[in-house]
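Enquirer: Could you build the full structure based on these sequences and the hints that come with them?
Protein sequence lines correspond, in order, to chains A and B. Converting from the first sequence to my numbering requires adding 24 to each position, the first position being numbered 1. Converting from the second sequence to my numbering requires adding 24 to each position, the first position being numbered 1.
Hints in this document: simulated from the structure, not taken from any laboratory. Honestly, I wouldn't trust all of these hints.
When chains are identical, the list treats them as one kind, so a pair holds in a single copy or across two.
As the list claims (entries may be wrong) - Listed below are the simulated SDA-like cross-link pairs for lysine to any residue, each with C-alpha atoms no more than 20 Å apart in a straight line:
1. K27 with S131
2. K68 with E49
3. K73 with S86
4. K68 with R48
5. K27 with Y98
6. K68 with D47
7. K57 with E143
8. K27 with I115
9. K27 with Y130
10. K124 with N39
11. K27 with E97
12. K122 with R48
13. K68 with N39
14. K122 with L140
15. K73 with H53
16. K27 with F38
17. K73 with G109
18. K57 with I115
19. K68 with I56
20. K122 with N39
21. K68 with E52
22. K124 with D113
23. K122 with E144
24. K57 with R116
There are 2 protein chains.
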Amino acid sequence: MAKSLGRQALAEFFNCSSQILDDRESLEHIMIKSAEAAGAFPVKSLFHKFSPHGVTGVVIISESHLSIHTWPEYSYAAVDIFTCGNTIDNIRAMEYIKDKLSSGYYSIMEISRGILNIEENKLR
Amino acid sequence: MAKSLGRQALAEFFNCSSQILDDRESLEHIMIKSAEAAGAFPVKSLFHKFSPHGVTGVVIISESHLSIHTWPEYSYAAVDIFTCGNTIDNIRAMEYIKDKLSSGYYSIMEISRGILNIEENKLR
Chain A
25 MAKSLGRQAL
35 AEFFNCSSQI
45 LDDRESLEHI
55 MIKSAEAAGA
65 FPVKSLFHKF
75 SPHGVTGVVI
85 ISESHLSIHT
95 WPEYSYAAVD
105 IFTCGNTIDN
115 IRAMEYIKDK
125 LSSGYYSIME
135 ISRGILNIEE
145 NKLR
Chain B
25 MAKSLGRQAL
35 AEFFNCSSQI
45 LDDRESLEHI
55 MIKSAEAAGA
65 FPVKSLFHKF
75 SPHGVTGVVI
85 ISESHLSIHT
95 WPEYSYAAVD
105 IFTCGNTIDN
115 IRAMEYIKDK
125 LSSGYYSIME
135 ISRGILNIEE
145 NKLR
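Expert: Here you go:
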């Protein structure tokens, strides 16, 4: 990855358990535990269940945040993990979430946020 | 944009006012107002100031969420707006935020989340 202030992993989880995707409490527990599994320190969390379907939730960690949006009717969830520093293992958190959502297939991409200095990156 | 469950705009705001980037209350106000400017309905918000610098904040809207992470020491902020449906004008929200952060230069990209059906997209 480039030298940057932040890193962001974006995951698409398909064919998940629709029951879990509509369960606000379970999702909050899963997301907090995934942050801990990645070596992050959860600070606060905020989860909201929409009517009739779907949950949006955010866990603020001392290294930035995790978010999840679920569409139980499509068995789909979008998960982002935004971190700063190099100590957090985003992929480990995603693996934990994938297992808990029983996702049948998925994709993850990771991007750099806040690339301030091209020169510094060239010299790596 | 592709037919998808969600759309996500990711903005890099450089050369911002460092004072505003470290002001939790102002940032919460700016982010809520930006959501309203875009036609979204804020539901809940959660903002946290880190020591010594920086703020992380999230506004949950009835159409998903907005997030901001600031590095006042680098005059940089990362802002994401995740929406579903076609009624929210992400770029209008970003314009509002850019002005309030006094960002000197910036970039915005927009991505599709949850593309379920390639056939449907081919037929557009």
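Enquirer: Which hints, by number, does the structure contradict?
Expert: Those not satisfied are hints 7, 13 and 23.
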